[in-house]
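My request is simple: use the sequences and hints to build the entire structure.
Residue numbers (my numbering), protein chains in the order written: chain R, 1 to 325; chain F, 1001 to 1325.
Not one of these hints is a red herring.
For lysine-lysine, the following BS3-like pairs were computed, each having C-alpha atoms within a straight-line distance of at most 30 Å:
1. 188(R) / 1188(F)
2. 1202(F) / 1319(F)
3. 1113(F) / 1202(F)
4. 36(R) / 1246(F)
5. 278(R) / 202(R)
6. 80(R) / 202(R)
7. 80(R) / 1113(F)
8. 246(R) / 1056(F)
9. 1080(F) / 1068(F)
10. 1080(F) / 113(R)
11. 56(R) / 1246(F)
12. 1068(F) / 1278(F)
13. 56(R) / 80(R)
14. 1080(F) / 80(R)
15. 278(R) / 318(R)
16. 68(R) / 318(R)
17. 246(R) / 1188(F)
18. 1246(F) / 188(R)
19. 1036(F) / 252(R)
20. 1036(F) / 246(R)
21. 1252(F) / 188(R)
22. 1188(F) / 252(R)
Partner residues are not named here, just some residues of chain F that face chain R (Cβ under 7 Å, in silico):
23. 1128
24. 1137
25. 1187
26. 1228
Not close to chain F: a few residues of chain R, all C-beta gaps over 12 Å, as computed:
27. 68
28. 91
29. 199
30. 202
31. 210
32. 311
33. 325
Source of the hints: derived by calculation from the structure; they are not laboratory data.
Note that CB positions come from ideal geometry on N, CA and C, so glycine has one too.
2 protein chains.
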Amino acid sequence: MTAMAPILLNNMVTVPDQSEYSKHEVFHTADQVHVKNPHLDTMEEDILYHLNLGTKTHNLPEMFGEIKFVCVGGSANRMKSFAQFIHQELDLPGSIDDITDICEGTDRYSMYKVGPVLSISHGMGCPSISIMLHELIKLVHHARCHNVVLFRIGTSGGVGLAPGTVVVTDKAVDCFFRPQFEQVVLGKVIIRSTELDVGVSKELLQCSSELNNFPTVIGNTMCTHDFYEGQGRLDGALCSFSTEDKLEYLRKAYNSGVRNIEMESTVFGAMCHACGIKAAVICVTLLNRFDGDQISTPHDVLEEYQQRPQVLLAHFIKKRLGLIT
Amino acid sequence: MTAMAPILLNNMVTVPDQSEYSKHEVFHTADQVHVKNPHLDTMEEDILYHLNLGTKTHNLPEMFGEIKFVCVGGSANRMKSFAQFIHQELDLPGSIDDITDICEGTDRYSMYKVGPVLSISHGMGCPSISIMLHELIKLVHHARCHNVVLFRIGTSGGVGLAPGTVVVTDKAVDCFFRPQFEQVVLGKVIIRSTELDVGVSKELLQCSSELNNFPTVIGNTMCTHDFYEGQGRLDGALCSFSTEDKLEYLRKAYNSGVRNIEMESTVFGAMCHACGIKAAVICVTLLNRFDGDQISTPHDVLEEYQQRPQVLLAHFIKKRLGLIT
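What follows is the structure, given as structure tokens:
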């Protein structure tokens, strides 16, 4: 297993024995990811099943220790495109054809590493992204990454915005407009805050005004567990409400500060917050839900829309790395 | 767009104009799929966005009219393997290399058609499968399929069963062991029954006893929205409970009739029940959760386990088609 050449100074000098390093309290400094699970230290091996990685089969600190920016998104193809795009933007050595799927032994998720950037797909919906996040957060912990920032880049339905608008999430809210995620633990419901990092979001908005090539707003993002009935769509296999009912719900959402709707932001915020990871959500809107439900925009226009969160995030990463000022 | 040659008698003689056929009440006979959405008939076009299909761009009755068995499962690779396997089992003409992904324009889901069998991936978790089911049920409706049976074949954690046991689901229950699914519609929670088809499940058990090559049981299947905390795993990035807490929850589940745990069965049951589709869930258990959380079984053993639901379902399909008695 070979790791790509680091482009950032890697502050680890030696790689301790795999079975021992997680016990070294010295590594648990403030800028590290906090797994909140006392059982992990007692495990001889940790198999990250859905990523097809493990602490005994892979040298995770060597493979991933230099990671600073973790970018997740629903579609495997899009996350591969993002890896290729960021490779070009960071002007890294080597060919983009050499960027291969680290999780290729499984088709659950795809993962690409480009210098200090990790790009991973998460599928659709909170359960799908939460499996990936559990294993990703453990990965970042086992690899002893420092100062990691986590981004979700995605697509969404807009609420009162022109299609193509990028929304940087202020609060990730549930279908009742509450900034919380309900996690069931052993049959008991636990409420978690979905708080994202205010500083990172402001920095992203600043990047957007510097780029000045597409509209970007900050607003609340509503996260639902269903694309059709849960988002008030009239075009699912099941629909028991009227157009007016739908519009009233969207108006309520808008009045509460919601500007877009997607399906992962609350659990993403909740897990990052619980583990002390700075995180942000950047989604482009593919349509204005006040105008319709179906996505009928031509393919090439949708493609360009989907690149916008990538362009914004690439600018952020380049600024953080000092490649642009 | 070419359709594969039907191997069953197709009872449609003419294909009415796309924009008109859904209004023909004569087609809404008892053995057809019931979409429960009055808005659909008023739509000029229906774009099945996540399947990359549509009523204006594709002749859905011609492409899918002969479908009798719809098989869904989480992994795209596995659903491709199943399509190839059923092609061999049904002794269909042509090469398995010609079986291509009908949804290849999108990476959200993969879909393969083999004679009267449709094999589709659905990703992980209720939200992911529900998007696919909305569009699949509309597809089956637009294609005017008759007497369709829907199966989920998947993997699961076993509760008090030897790894490799196949569970045919009696009741699909939530994390509180209730046979229901909570669907949010416009910010209101609606409770739906997850009832599956008793007759189909009995037929599957009969098939299993005829095959007699792996253990098969009928039992309740618990569907959670999270793989780690929601299923009582001690090895996630977050874990706030003890081994004893975990075992107590699993014992409660077992005592209520739960024999396996996965992440899609409740919404699968709920949507099929609401639309009048006969449905069954067949999952193999990869481990016994009383013995551990991590899936450390060798790859080739897991591969063989994952074929078991496919073997059982193939036997069912061959019997239904009169290929074996």
